[in-house]
Structure formats: C-alpha cells, structure tokens
Amino acid sequence: MSTIETKPDGLIDRRTFVDHLVANRSDDLCIVAGLGSPCYDLKAAGDHPLNFYLYGAMGGAVPMAMGLAAAQPEKRVMALTGDGEVLMGLTGLAAAGAEGLENLIVIVLDNERYGETGQQTTHTARGVNLAQTAIGLGYRAIRDIKTQDEAAELHDWIKTVQGPACAVVKISAEAAGMALPPQDGVYLKHRFRERLLGVQPR
Amino acid sequence: MTDQAQADAWRDAIFDAFQDAGIAQVAYVPDAGHKRLIERTHAANGMRAMSVATEEDAVACLAGAWLGGQKGALLMQSSGVGNTINMLSLAKTCQFPLPMFITMRGEWGEFNSWQMQMGETTQAHLELSGVKCYRCETPEDVAETVRVAIDQAYNGNCQTAVLLAQKLVGTKKFSDGGLGDNKK
Numbered sequence: 001m002s003t004i005e006t007k008p009d010g011l012i013d014r015r016t017f018v019d020h021l022v023a024n025r026s027d028d029l030c031i032v033a034g035l036g037s038p039c040y041d042l043k044a045a046g047d048h049p050l051n052f053y054l055y056g057a058m059g060g061a062v063p064m065a066m067g068l069a070a071a072q073p074e075k076r077v078m079a080l081t082g083d084g085e086v087l088m089g090l091t092g093l094a095a096a097g098a099e100g101l102e103n104l105i106v107i108v109l110d111n112e113r114y115g116e117t118g119q120q121t122t123h124t125a126r127g128v129n130l131a132q133t134a135i136g137l138g139y140r141a142i143r144d145i146k147t148q149d150e151a152a153e154l155h156d157w158i159k160t161v162q163g164p165a166c167a168v169v170k171i172s173a174e175a176a177g178m179a180l181p182p183q184d185g186v187y188l189k190h191r192f193r194e195r196l197l198g199v200q201p202r
Numbered sequence: 203m204t205d206q207a208q209a210d211a212w213r214d215a216i217f218d219a220f221q222d223a224g225i226a227q228v229a230y231v232p233d234a235g236h237k238r239l240i241e242r243t244h245a246a247n248g249m250r251a252m253s254v255a256t257e258e259d260a261v262a263c264l265a266g267a268w269l270g271g272q273k274g275a276l277l278m279q280s281s282g283v284g285n286t287i288n289m290l291s292l293a294k295t296c297q298f299p300l301p302m303f304i305t306m307r308g309e310w311g312e313f314n315s316w317q318m319q320m321g322e323t324t325q326a327h328l329e330l331s332g333v334k335c336y337r338c339e340t341p342e343d344v345a346e347t348v349r350v351a352i353d354q355a356y357n358g359n360c361q362t363a364v365l366l367a368q369k370l371v372g373t374k375k376f377s378d379g380g381l382g383d384n385k386k
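Order-wise, the sequence lines are chains A and B.
Residue 168 in the working numbering sits at position 168 of the first sequence, with consecutive numbering throughout.
Residue 312 in the working numbering sits at position 110 of the second sequence, with consecutive numbering throughout.
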C-alpha cells in the first residue's frame, strides 16, 4: 500500500490517495468510476473486472452505482467521482441519499476544477460545499476530508461504514496524467457481469 | 367494462407484464398516467420502485441494475425524454437493455401549449438516439406491445420505448385540478 502524498500546494495527491483507498480490496467491492480523472486514478491503482469506467454519460456514476447497489445488497458498491460530475448529477446524489442503501458509498474527488476541459473552476471553488450538501441529501455517514491522515482512514471506512455514505476529499488540482482503462463499454459490461454473476454473454 | 375498469385494466396489464418478465427495478419520474402502475410497483413483492428526480438518472440506475443482474423498466412522461438524451449514450454504447414506457403529452386533446414541443418531437428524439419505438393507441394494444418491448430489449441488448398515446392515457385539464381522466 502506498503512502498518500501531497502536492506542492499542500493538498492531497489524487493518484496516491485512490491507490491507498482501494489497495488490497476485498472481493465484494464493486466500483463505478465517473468520466475523466477518476477513471484514470482507478485504472492506475489497478484494473479489475468489478471496475466499471464511464467515458461519457456525465452525471451517471452515482445513479448507476445506486441501481447496482439495490441489485446487489450483499456487495459494497462505490461511486468514485469528481466534483464536476457530481454537480452535473446532483439529482442522482439526492436519489441515492433518499433510497437509503446501506451498501452504497460515494467518494468525491474534489479538485474544484473541470480537469478534462482546461481546468476551469467548478462551483466548489466558489463556496459550494458538497459534504454539507450530502448532509442535506440524507447521507448517513459523511466525511469531509482535507488531510493525508483523514484520507488514509477511508481505506478501512469503506469496508465497514453503513451507507448511504459520502466522503468528499479535497485534492490538488495538479493533473496526474492519463492512465486509460478499456474504453469498450460492451466489454466492460460483460467482464463485470461475468465476474459478479458468473454469466457469459449470450 | 366501465371506463374506469378499462383504464385500470391496461395499466394492470403493464404491471402483469413486468412481473412475468421478472422486472426487479422500476425507475420512474411520476406521471398522472402512470399513477396506478407506480402504486402497484411500490406495493409489489420482488419489485423495487426507484424514485428519481430527473429521467436521465433512471437510465443510469437501470444500467447499474443490469450490471448487478436485475432487469429494469423506466416509466416517464414524454416531456422527460428530453432529459435522457445524453444518458441514453450509456445504454447505447454499452448495449444495456432498457425498456421505457412513456405516457404522451402534447397530442390528443392537449390543453397546455407548453407541452406541445416535446410531445410532438418525442418519438423523433428517441429514434435519433437509436431507440425502437412502438405506439399504443387503444387499450387492446397495450399488453402485447409491452411484452414485445421488454422481450426485444432483453433479447437484443437494446433500448425500446412504448409510447402510450394521449388519447389512450386521458387528457388533463386545469379545470379539474390537473388530474383529468387519471383522478382515481
């Protein structure tokens, strides 16, 4: 397990954080990663059949994880997403809070930027607080993470927390580089279902 | 059969088709025309009604359901189709099966001019997004069409829509509190 690093701006390095978060993951963890850097971070931490990467469908990671968590109550289901995607899909964050799924965990990598489109600032750079938002949306467990030590605790937290849970992690806006996962959505779907359900494509 | 019994019967036929097909998650944004079906879904054993606040979340939710091994169906009004367009790329690109059941506005007897634009273009929008559309104009059409749409989506890993015509669903009026023929 790597150590979570910080960047020169003093904020958490996203790549080593995600690597630490999912290190030695248990077999019952399913992850839906939102488009852009969350996908690259998760791929860099190690590809896995129970990773489903979105290359589009912005706003979809949390509601998709919600449907998966409802279908698989014995598994732990994580949406790994960013502030830009969550802001586009606030309704999905609300639906998942209202649904009350104990096995659903939302991790928001909040760099206050739209990383894919030129580092324009998001609302979180202008006073919008997503951890406070999660309180109002009915999440049972909330973490507002700003330091390495706090971030390191999430590794165990995601294995035991009773959801719906949401952790908002302030990360450095410094880009971490692309680590591209498979882009073929049909392949990603089949390998996920084959590992989870033991079903072959027809 | 009374008018009310007939209005209930085709809605119950949709519910029966869901049960027979093993639909486990029904994601919806409410519509008066789907009121009875939504209530039956909430009350059903072995079926989970997933309430979402905008229709694209239903598309994503049901993709997740299928990833987790459950069949789903989406209920919405025609005005909600516009909200789904980009999220339908998730279903299309990954070939997630997705049957949708859409109550139409903006056609037969529509009283609200603001509903016309989306209602008149609903089918074209869906077809441009690669969704196979079937219209139901009469109560007799519903049961078989719903079964075909579900089977096609799940046999073909594709997206289908049943457009329930406004003439079938009933016309809403401001003067009766907006519940129109669906006030039961």
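There may be inaccurate statements among the hints.
Calculated pairs, SDA-like style, for lysine to any residue (alpha carbon to alpha carbon, straight line, at most 20 Å) [unchecked claim]:
#1 B:K273 with A:E174
#2 A:K146 with A:H190
#3 B:K273 with A:H190
#4 A:K75 with B:M249
Please keep in mind that the hints were generated in silico from the structure rather than gathered at the bench.
Straight-line Cα separation of K75 (chain A) and M249 (chain B) no greater than 20 Å?
holds (19 Å)
Quick one, are K273 (chain B) and H190 (chain A) close enough, alpha carbons at most 20 Å?
holds (15 Å)
Agreement of K273 (chain B) and E174 (chain A) with the hint, judged by alpha carbon distance not exceeding 20 Å
violated (41 Å)
Does the alpha-carbon distance linking K146 (chain A) and H190 (chain A) stay inside the 20 Å limit?
violated (37 Å)
Checked against the numbered hints given earlier, this structure breaks hints 1, 2; the rest are met.
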